[in-house]
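Protein sequence lines, in the order shown, are assigned to chains Y and Z. Here the numbering used here is used: the first sequence runs in plain steps of one and ends on residue 433. Here the numbering used here is used: the second sequence runs in plain steps of one and ends on residue 433.
The set of hints was computed from the structure by calculation and includes no laboratory data. Fair warning: this is a prediction, and the values are worked out from it, not measured in the lab. Hints may be right or wrong, so weigh each one.
For identical chains, the list gives no copy identity; a pair is met inside one copy or between any two copies.
To be verified - Heads up, simulated SDA-like pairs for lysine to any residue below, C-alpha to C-alpha not over 25 Å straight-line:
| no. | residue 1 | residue 2 |
| --- | --- | --- |
| 1 | Lys344 | Ile363 |
| 2 | Lys352 | Arg248 |
| 3 | Lys26 | Lys299 |
| 4 | Lys104 | Ser382 |
| 5 | Lys342 | Gln31 |
| 6 | Lys278 | Gly250 |
| 7 | Lys26 | Asp296 |
Number of protein chains: 2
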Amino acid sequence: MNNANSFSLGIVGLGTVGLATIKLLENQLDNINKKSGKNIIIKAISAKDKNKSRSIDINKYDWEESPLKLTEREDIDAIVELIGGSDGLAKELAYSSIKNKKLFITANKALIAKYGYDLHERISKIGSAIYYEAAVAGAIPVINSIKDGLVSDNIISIHAILNGTCNYILSDMTNNSKSFADALIKAKELGFAEADPTFDIEGIDSAHKLVILGLLAYGAKPNLDNVYIEGITSIKSEDIKYADRLGYKIKLICIASIDNNKLDFRVHPALCLSKSISAGIGGALNAVFLEGDYSKKLTFIGEGAGAEPTASSVVSDIINAAKSNKFFNNFHSIKNELKYKNIMSRVGKYYLRLLVSDKIGVLASITSILDENDISLDSVIQEGNEIQEEKYIIILTHDCNELNIINAINKIENLDTIIIKPHLIRVEKI
Amino acid sequence: MNNANSFSLGIVGLGTVGLATIKLLENQLDNINKKSGKNIIIKAISAKDKNKSRSIDINKYDWEESPLKLTEREDIDAIVELIGGSDGLAKELAYSSIKNKKLFITANKALIAKYGYDLHERISKIGSAIYYEAAVAGAIPVINSIKDGLVSDNIISIHAILNGTCNYILSDMTNNSKSFADALIKAKELGFAEADPTFDIEGIDSAHKLVILGLLAYGAKPNLDNVYIEGITSIKSEDIKYADRLGYKIKLICIASIDNNKLDFRVHPALCLSKSISAGIGGALNAVFLEGDYSKKLTFIGEGAGAEPTASSVVSDIINAAKSNKFFNNFHSIKNELKYKNIMSRVGKYYLRLLVSDKIGVLASITSILDENDISLDSVIQEGNEIQEEKYIIILTHDCNELNIINAINKIENLDTIIIKPHLIRVEKI
Numbered sequence: 004m005n006n007a008n009s010f011s012l013g014i015v016g017l018g019t020v021g022l023a024t025i026k027l028l029e030n031q032l033d034n035i036n037k038k039s040g041k042n043i044i045i046k047a048i049s050a051k052d053k054n055k056s057r058s059i060d061i062n063k064y065d066w067e068e069s070p071l072k073l074t075e076r077e078d079i080d081a082i083v084e085l086i087g088g089s090d091g092l093a094k095e096l097a098y099s100s101i102k103n104k105k106l107f108i109t110a111n112k113a114l115i116a117k118y119g120y121d122l123h124e125r126i127s128k129i130g131s132a133i134y135y136e137a138a139v140a141g142a143i144p145v146i147n148s149i150k151d152g153l154v155s156d157n158i159i160s161i162h163a164i165l166n167g168t169c170n171y172i173l174s175d176m177t178n179n180s181k182s183f184a185d186a187l188i189k190a191k192e193l194g195f196a197e198a199d200p201t202f203d204i205e206g207i208d209s210a211h212k213l214v215i216l217g218l219l220a221y222g223a224k225p226n227l228d229n230v231y232i233e234g235i236t237s238i239k240s241e242d243i244k245y246a247d248r249l250g251y252k253i254k255l256i257c258i259a260s261i262d263n264n265k266l267d268f269r270v271h272p273a274l275c276l277s278k279s280i281s282a283g284i285g286g287a288l289n290a291v292f293l294e295g296d297y298s299k300k301l302t303f304i305g306e307g308a309g310a311e312p313t314a315s316s317v318v319s320d321i322i323n324a325a326k327s328n329k330f331f332n333n334f335h336s337i338k339n340e341l342k343y344k345n346i347m348s349r350v351g352k353y354y355l356r357l358l359v360s361d362k363i364g365v366l367a368s369i370t371s372i373l374d375e376n377d378i379s380l381d382s383v384i385q386e387g388n389e390i391q392e393e394k395y396i397i398i399l400t401h402d403c404n405e406l407n408i409i410n411a412i413n414k415i416e417n418l419d420t421i422i423i424k425p426h427l428i429r430v431e432k433i
Numbered sequence: 004m005n006n007a008n009s010f011s012l013g014i015v016g017l018g019t020v021g022l023a024t025i026k027l028l029e030n031q032l033d034n035i036n037k038k039s040g041k042n043i044i045i046k047a048i049s050a051k052d053k054n055k056s057r058s059i060d061i062n063k064y065d066w067e068e069s070p071l072k073l074t075e076r077e078d079i080d081a082i083v084e085l086i087g088g089s090d091g092l093a094k095e096l097a098y099s100s101i102k103n104k105k106l107f108i109t110a111n112k113a114l115i116a117k118y119g120y121d122l123h124e125r126i127s128k129i130g131s132a133i134y135y136e137a138a139v140a141g142a143i144p145v146i147n148s149i150k151d152g153l154v155s156d157n158i159i160s161i162h163a164i165l166n167g168t169c170n171y172i173l174s175d176m177t178n179n180s181k182s183f184a185d186a187l188i189k190a191k192e193l194g195f196a197e198a199d200p201t202f203d204i205e206g207i208d209s210a211h212k213l214v215i216l217g218l219l220a221y222g223a224k225p226n227l228d229n230v231y232i233e234g235i236t237s238i239k240s241e242d243i244k245y246a247d248r249l250g251y252k253i254k255l256i257c258i259a260s261i262d263n264n265k266l267d268f269r270v271h272p273a274l275c276l277s278k279s280i281s282a283g284i285g286g287a288l289n290a291v292f293l294e295g296d297y298s299k300k301l302t303f304i305g306e307g308a309g310a311e312p313t314a315s316s317v318v319s320d321i322i323n324a325a326k327s328n329k330f331f332n333n334f335h336s337i338k339n340e341l342k343y344k345n346i347m348s349r350v351g352k353y354y355l356r357l358l359v360s361d362k363i364g365v366l367a368s369i370t371s372i373l374d375e376n377d378i379s380l381d382s383v384i385q386e387g388n389e390i391q392e393e394k395y396i397i398i399l400t401h402d403c404n405e406l407n408i409i410n411a412i413n414k415i416e417n418l419d420t421i422i423i424k425p426h427l428i429r430v431e432k433i
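Just need the whole structure built from these sequences, with the hints factored in.
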C-alpha cells in the first residue's frame with residue numbers, strides 16, 4: 004500500500020478502452036484528484052505487445068511484462084482490467100487481485116456474469132472490493148445507481164435495451180426498411196458489429212449484462228442456463244412493418260423481475276408501443292428502465308459502448324475505489340434461493356406472423372385453433388405479398404398464456420395452408 | 004460519535020417525506036444495514052408538534068423538543084433535515100450540524116440553492132459532509148451520478164425538466180386542450196400544485212434546482228440573480244396548439260451550459276421537437292439530459308417529487324453517509340470565476356404568437372420588420388379565430404439573435420394592427 008493520500012493503479016490492456024482510460028486520467032487528473040481526495044497515479048501498465056504504435060506515450064509508466072505480477076506489487080492499490088474474456092488472463096487477474104487484497108476494476112461483463120458472485124463472496128471474506136460500472140450499459144451509471152442511489156428500494160422490475168449492435172440493426176431495419184442481413188452488413192461496416200456477431204445478435208451479450216443487473220438488484224446468482232435467451236436473427240422486415248402498423252416498434256429487451264416469488268429473467272425481441280420511451284431508443288443507444296417500490300419508475304438512457312463512454316465509467320470506478328466506496332450488497336438475501344420462472348408460464352400479448360396459401364377458409368382454420376387454446380384476438384392483418392398465391396396473416400392476441408400459444412402454433416404449423424413455420428414475438432409493456 | 008459499526012440519525016421534520024423516510028428505514032433496515040455495512044439507528048426525532056396523530060409509532064425514538072440540540076448530541080452522527088425553507092430552522096440546523104461536525108442530509112433545494120456553496124466551503128475546512136440527493140429531481144439519482152458516475156467528465160450541458168407542477172399543467176393543457184387557468188385548478192385539486200403556486204409556476208423552484216446542478220457540474224456559485232427565469236403563466240392553449248402543428252411540444256426547461264467561456268444558466272418555457280424524448284416527459288415526471296465530453300449524452304427520467312420517491316433518495320444519502328462516501332468536489336475550479344451570459348445574446352430559433360387586426364398588408368408589415376432585424380422565417384401560420392376581425396399569426400424563425408428579435412418585437416408592438424403584446428417562446432434542441 005502507498006501512503007494514505009495516494010492511490011496507485013496497474014492498468015492491464017491497452018485496446019481502445021484502455022487507451023481512452025489513460026487519456027482521460029491524464030487530461031483530467033487535477034479534477035479527478037480533487038474529486039476523489041486522493042493523488043491518483045498510473046503506476047504500471049501491461050499489454051500483449053510493448054512495441055505497438057500507440058496514441059499515447061507509454062514510456063512514462065512502468066511496463067510490466069507479466070500482468071499477474073502487478074497484482075503482487077506492494078506499490079499498487081488497484082488493478083484495472085481492460086482486456087476482456089470471461090476466462091484466461093482476465094479471470095486470473097481478478098482472483099489474484101483479490102487474493103492479494105488489491106481493489107479490482109473491470110469493464111468485463113463476461114467475467115462478472117460468470118464469476119461475479121464468487122468474486123463477491125471472496126471479497127466479503129477478505130475485505131477487498133470489485134468495481135464494474137463499465138460492464139453494463141457503458142456510460143450509464145446504472146450499477147452505481149442500483150447500489151447507491153436505489154440501495155434502499157426493493158426493485159420490482161428491470162427492463163432494458165443493453166446491446167447496441169442489436170439496437171442499431173433493428174433501428175436501421177425500422178428507419179430504412181432494410182432486411183436483417185443488409186442491416187447487419189451495415190453494422191459491421193460502421194464498427195457496430197464484430198466480424199463474428201453471434202455473441203451480440205443471439206442475445207448472449209445482453210444476457211451477460213442482465214444477470215449482472217439481476218445479481219445487484221435481487222442477489223440472484225448469475226446463471227445463463229436459467230435465462231431464456233432469444234436473439235434477433237429471425238426478425239424480418241415484414242415484422243418491423245406490421246408491428247409499426249399495429250402501433251409498435253421491435254426491440255431486443257432484457258427483463259429481470261420477480262413474479263409470484265419466482266425470478267423472471269429473459270432476453271428476447273419484443274413489440275413495444277411506438278409512443279413509449281423504449282421505442283424511441285434509437286441507434287446504438289442503451290436504456291435501463293427500473294421500477295422500485297419507493298423510487299417508482301426510473302429511466303436511464305445513454306451510450307452503451309464506445310471507448311470514451313466506457314472509459315468514463317472505468318474512471319468513475321477508479322475514483323470510487325480511491326474514495327474507498329466499498330461495495331456492500333446483500334447477495335445472501337432470500338431471493339437468491341428463489342426458483343426461476345419458465346418462459347412457458349409467461350402471460351402477455353403476442354404477435355404472430357403467418358405465411359399462408361391464399362385459400363378459402365385459411366383464416367377461419369387458424370382462428371378456430373387459437374380459440375380452442377383460449378387465445379382471443381386483438382388485431383388481425385391479412386394481405387397478399389408479391390407472390391399472389393401467398394399471403395401474410397398477422398395476429399396480435401390479447402393477454403394469454405405462452406404455453407397455450409405454443410400449443411396453438413404447433414397445431415397451426417400442421418395445417419396444409421401454412422407455408423413457413425409461424426413466427427412469434429412477445430409484446431411487452433415498457 | 005458512536006462505535007464504528009453503528010450510524011445514528013437525528014431526524015427533524017415529520018411531514019410526508021419525514022414519515023416516508025422513517026417507514027422506509029423501518030421496513031428495509033436489514034437490507035440497508037447489509038448494504039451500508041453499518042447498523043443504522045434512528046436515535047432521536049423532532050418536529051413541531053409531538054402529539055399530532057401520525058401513521059407511525061414515534062414513541063420508540065427519543066423525542067427532542069429543540070431540533071438544534073440534536074446537532075450537539077454526542078450519540079448522533081448525522082442530522083436528517085426534512086422541514087424545508089431556505090432560512091430559519093433549516094439554515095440553523097445546517098450550520099449547527101457542520102459546526103458540530105455532524106453529517107448533514109437534506110431534501111431542501113431552497114437551502115442548498117442559497118447556502119450550498121458556503122456550506123461546502125465550511126465543510127472542506129472542517130471535514131464534515133452534506134448530502135442532498137433528494138433536493139433535485141426526487142428519486143432520480145442525478146446528484147450521485149454527477150458527483151460519482153460522471154465525476155471524470157467535463158459536463159458540456161445540462162437540460163432538464165425539474166418542476167412537476169409545471170410539467171403536469173403543460174401536459175394537461177396539451178393532452179386535454181385546457182387553458183392554463185383550468186389546468187392549474189386541476190393541479191391544485193390533485194395535489195400537484197400548492198395553494199400558492201407562485202414558486203413553481205414562475206420557475207423559481209426550477210431555478211433553485213438548476214443552480215444546484217450548476218454548482219455540482221461547474222462549481223458555479225449559486226446566484227439566482229444571474230439566472231434568467233421565466234415561468235409558464237403566459238402560455239396560452241393556442242401556443243400549445245400551434246406548437247403541436249409545427250411539430251413541437253412546450254416544456255418548462257432548465258439549461259446550464261458553458262458557451263464561449265460564459266455560464267449560460269436559464270429557466271424558461273421552450274418548444275421541443277415532438278419526436279424528442281423531452282417532449283414525451285409527461286405528467287409530473289422530471290427529466291435530466293446531461294452531455295459529458297466522455298460519457299456523451301445521458302438521460303435520466305423519473306418521479307421528481309412525492310413522499311416515497313423523495314424518501315428513497317434521502318435514504319440513499321443516509322447509506323452513503325454511513326459508508327462515509329464523502330463529497331469532494333472542485334468547487335474552486337476556474338469556472339466559478341466565469342461570467343454569466345446575458346439572455347439577450349442567445350442565438351436560436353423563436354416561436355412568435357401575434358394577434359392582429361385582419362387588415363390587408365398586416366403580415367407584410369410584420370415580416371418586413373423581422374427582415375430589417377436579420378430574422379428569417381422557418382414557418383408562418385395565419386388564421387382567424389372566433390372574432391372574425393382578429394387573426395393569429397404564428398411565426399417560427401430560423402436561428403437568430405435574441406437581441407434582434409426583441410428589437411423587432413418592440414417595433415412590431417407599435418404597429419396599429421397589433422392587438423395584444425406579441426408573445427415569444429424559445430425553441431430548444433434537447
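Do the hints match the structure? See the list:
1. Within a single copy, lysine 344 and isoleucine 363 get their C-alpha atoms no closer than 41 Å, and across copies no closer than 72 Å, so neither meets the 25 Å cut-off.
2. With identical chains, the CA atoms of lysine 352 and arginine 248 are at most 25 Å apart within one copy only, with a shortest distance of 16 Å there and 34 Å across copies.
3. In this homomeric assembly, lysine 26 and lysine 299 come within 25 Å of each other (Cα to Cα) only across copies, at 16 Å, whereas the closest approach inside a single copy is 38 Å.
4. In this assembly of identical chains, the alpha carbons of lysine 104 and serine 382 never lie at most 25 Å apart, being 60 Å within a copy and 65 Å across copies at closest.
5. In this assembly of identical chains, lysine 342 and glutamine 31 lie within 25 Å of each other by CA distance solely across copies; the values are 23 Å between and 46 Å within a copy.
6. Taking CA atoms no more than 25 Å apart as the test, lysine 278 paired with glycine 250 passes in both settings, with 8 Å inside one copy and 15 Å between copies.
7. For the identical chains of this complex, lysine 26 and aspartate 296 are inter-copy neighbours only, at 12 Å across copies versus 40 Å inside a copy, given an alpha-carbon limit of 25 Å.
The structure does not agree with the numbered hints 1, 4 stated previously, though it agrees with the rest.
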